[in-house]
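With the numbering used here applied, the sequence shown corresponds to residues 819 to 1070, in that order.
In short, the hints are calculated from the structure, not lab data.
In this text the structure is predicted, and so the values were computed from the model without any measurement.
Certain hints may be false.
Said to hold, decoys possible - Below are the BS3-like pairs computed for lysine-lysine, each with C-alpha atoms no more than 27 angstroms apart in a straight line: (1) 1019 / 975; (2) 890 / 960; (3) 945 / 899; (4) 1000 / 936.
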Amino acid sequence: MSRIPFLLILIIVIASLPVINNWLSYHNQTLNDDYIGERLDNYISRNFDKIIKILREESIKSNYAARDNATKGKILQYENKIFDLAYPYLGNENSNIIAVGFFDYSCGYCKAIKDDIKQLINDGKIKYIFRDTPILGNNSLKAAKSALAVYFIDKGKYFDFHYAILDHKGEFSDENILDIVKSIGINEDNFNNSMKNNAGKIEQMINDSKFLVRELGAGGTPFLIIGDSLFIGATDLDVLRKKVDELSHKQN
């Protein structure tokens, strides 16, 4: 790229800097390319680091904005799949604000934020949908299938199982999963029958959740969707509450 076109690309940024802006205002005259080039060359050489910093910051802002718009577009595209109340959910039945949490029972960060999620639900402002999304191997898949098998037996017991299995230390096995199932009052035969009879529905629910993780570019668990915003990782409770309050104010 030649010098003058490159400098013209930078001129908007540089002209916004106080020194140049004041200088141009003071000198009310017609400037040719050579004159502009000479002045800008001098300024750039003295303020190169400042200019690069501004350009980087603007690039980061632009990238974030583009990614945010793309995410909102994806959420809108798949909203019927995302905000599907056929999945387990808790919260305020009368609320129009829906949060969706994607999690893996083997995920340490999912375990770490479980109490914050409880509190977010207990605030009474949202419906919260639980999406079993096992991405960390066969043990995670086994736990997720078991959770949904419990759900098809007793919707309320699903949440007992959910929190009990998040509290579990170590890897999952058929034995310790069954122990948890029994501890929440589910009969072993009923559980085994649900695993068998609902296998197709359970697999579809899990596959749909995994599909959304890929399509939304989350890359892993936990991640939450609240309204048109996506929160990746162990997001602070105050950040989630702020988003809920923002949506509440918009609806009022």
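These are the hints, each one checked on the structure:
The suggested pairing of residue 1019 with residue 975 holds, with an alpha-carbon distance near 18 angstroms, which does not exceed 27 angstroms. The straight-line distance between the Cα atoms of residue 890 and residue 960 is roughly 32 angstroms, outside the 27 angstroms bound, and the hint therefore fails. Restraint check for residue 945 and residue 899: the C-alpha separation of about 15 angstroms stays at or below 27 angstroms, so the hint holds. In summary, the hint linking residue 1000 to residue 936 is supported, as the alpha carbons are separated by about 23 angstroms, within the 27 angstroms threshold.
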